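Hey, can you work out the whole structure from these sequences and the hints?
Here the protein sequences line up with chains C and P, keeping their order.
Sequential numbering from 0 applies to the first sequence in numbering that gives the first Met the number 0.
Sequential numbering from 0 applies to the second sequence in numbering that gives the first Met the number 0.
Keep in mind the hints are simulated off the structure, nothing from the lab.
Since the model is a prediction, treat every value here as computed from it, not as a measurement.
One thing to keep in mind: the hints can contain errors.
Simulated restraints on C-beta separations [what the hints assert, rightly or not]:
id, chain 1, residue 1, chain 2, residue 2, range
1, P, R132, C, N42, 51 to 57 Å
2, C, S40, P, K269, 31 to 37 Å
3, P, T377, C, N42, 40 to 46 Å
4, C, N42, P, K269, 33 to 39 Å
For each residue, glycine too, the CB sits at the ideal point set by N, CA and C.
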Amino acid sequence: MTKRISLFFLVVFFYSCEQAPEESIKILSLVNGQTVQKEISTNHFKNSFIPLFQNMNDEVTKSLSLYEEKDDMPWVLNRVSVGLTAEAEVDLQIAELTGEAKFELRFQRR
Amino acid sequence: MHKKVILLILVLMSHQLLAARIPKNWLGKNEISRTFSKEDNLSLEKSYQNLLQTQEDVFSKAVLNDNRNWYLQSIFTEIAVEAEGEFGILAGGGEAALEFVWIRKAGQSVLNTKINSKDPIEDDGEIPSLEIRSEMNEESIQREIEPIAQIALASGFIKNKNKLLRNLINQAKEFQTVIRDIENSPVLGPWYAYKYQLELYVSAEGEISLINLGASVRLRMEWWRLQKIKSQNIVSPYRPMELSPNATFVSHLAEDLKVLNQVNLENDFKLNFMKIGIGKTVKGNLIIAKGKSKIVGSLFFRRDEVKPEHFTEPKLDFDEQPYALVENDEIVQIKRPAMKQALIKSSEILKFFTNKAKSKKDSLFELNVIEGEFELFTTGNVGLVTIGGSVGVTLFATRNVII
Numbered sequence: 000m001t002k003r004i005s006l007f008f009l010v011v012f013f014y015s016c017e018q019a020p021e022e023s024i025k026i027l028s029l030v031n032g033q034t035v036q037k038e039i040s041t042n043h044f045k046n047s048f049i050p051l052f053q054n055m056n057d058e059v060t061k062s063l064s065l066y067e068e069k070d071d072m073p074w075v076l077n078r079v080s081v082g083l084t085a086e087a088e089v090d091l092q093i094a095e096l097t098g099e100a101k102f103e104l105r106f107q108r109r
Numbered sequence: 000m001h002k003k004v005i006l007l008i009l010v011l012m013s014h015q016l017l018a019a020r021i022p023k024n025w026l027g028k029n030e031i032s033r034t035f036s037k038e039d040n041l042s043l044e045k046s047y048q049n050l051l052q053t054q055e056d057v058f059s060k061a062v063l064n065d066n067r068n069w070y071l072q073s074i075f076t077e078i079a080v081e082a083e084g085e086f087g088i089l090a091g092g093g094e095a096a097l098e099f100v101w102i103r104k105a106g107q108s109v110l111n112t113k114i115n116s117k118d119p120i121e122d123d124g125e126i127p128s129l130e131i132r133s134e135m136n137e138e139s140i141q142r143e144i145e146p147i148a149q150i151a152l153a154s155g156f157i158k159n160k161n162k163l164l165r166n167l168i169n170q171a172k173e174f175q176t177v178i179r180d181i182e183n184s185p186v187l188g189p190w191y192a193y194k195y196q197l198e199l200y201v202s203a204e205g206e207i208s209l210i211n212l213g214a215s216v217r218l219r220m221e222w223w224r225l226q227k228i229k230s231q232n233i234v235s236p237y238r239p240m241e242l243s244p245n246a247t248f249v250s251h252l253a254e255d256l257k258v259l260n261q262v263n264l265e266n267d268f269k270l271n272f273m274k275i276g277i278g279k280t281v282k283g284n285l286i287i288a289k290g291k292s293k294i295v296g297s298l299f300f301r302r303d304e305v306k307p308e309h310f311t312e313p314k315l316d317f318d319e320q321p322y323a324l325v326e327n328d329e330i331v332q333i334k335r336p337a338m339k340q341a342l343i344k345s346s347e348i349l350k351f352f353t354n355k356a357k358s359k360k361d362s363l364f365e366l367n368v369i370e371g372e373f374e375l376f377t378t379g380n381v382g383l384v385t386i387g388g389s390v391g392v393t394l395f396a397t398r399n400v401i402i
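Written out as structure tokens, the structure is:
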């Protein structure tokens, strides 16, 4: 009887190793001094993020192509960055990463 | 019955081992050990590689339109560690979880090459910076300040222009006294101080504070040394009376950074930049600082790629002088051997992250800079900074970056 139970646990153990849970990514956030952790599946991260990333690149490069540099300008736009962040206590799914976008424009003197 | 219990415990233990966490010793908070210990943590490796792989997939699978004048040059992500060692992408708290940078394609602007070769490690580029040199007189400082002051005034927040200009000039003069000391620090090996930054917070009345006291406009003063110049005035070995306390401080740090030479990274990464938080005593002496209310500047070091032949490294004649570390209102001494040990431990931790960072050859993006932030403790211990902790030392590992 004991051997049979042992065998049962061994089978359960190897089965659980075989059926590994889907890989995930942790999102950490600091809310009111406390760390909040959320876990999202790798596939969900990829599926949500790729179209968002592509659209953002498209929109930014399209807007920037309208910028014209003229010879008499003392400052020249050289670098543009966009930071995606999530604020406040939200159910952190990838869509919320778009919660707040921070734009930075870097001009350089000639 | 006995065997059943043992097997059940084994199953539970196996699941426990699979939890991916940063080893306690790498956090350094409660550990006595000041040295790096490589713990068997396959699940950590797996989780870290999954994170890298996912990001690489995301950035490579998107079809990016490149037919315009601008292109997506780089992407920054921040990986955070919480108190118990869990790690993941940081979001919220004012931090950008992901940052995307577009620059103009080469040929679109003559400025591109210049700006990108200035410093391979990027920092907060949005802060208007005043570039101050030691030889500047009041007139040239004014010329440097004027356009930056105009940007600050354009925000509409600052009301008193004259006060702002006067305070900025005074601050620049004080800044010059520090950079003269840095310039006078003899170069004792491959590492040397190449950048010093001071963050300034300007109030609506035009008053300047070195710490963030609330509503303010942020400016920065910066000094650069573009080339390592060997001090010609003094003959080695240097004695205490020949160097100012600040020059000594900078030279000691540069000399101690040599311990990083013994750490070899894989995947073509090189450990060649370091940033340290700096505070100042009432006498104006530089000390190592931790905590936002104590850090008033950042000192950056870099390592020369080329080692000159027949180069005899000069020496200081007073090697035993410890560093001072300020935390809250307490100043403690960190002996130089302890500091060297802290640097080695930090670099070994960073080594773990670089050695696992392989990129596929056909990837659209390649991971080229890994920045490791470390907290120094008054015990002399060091560990990866956790959320809410205070960064003391930042090490940068780079590859495919031209210095």
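Among the hints numbered above, which are violated by the structure, and what are their numbers in rising order?
none
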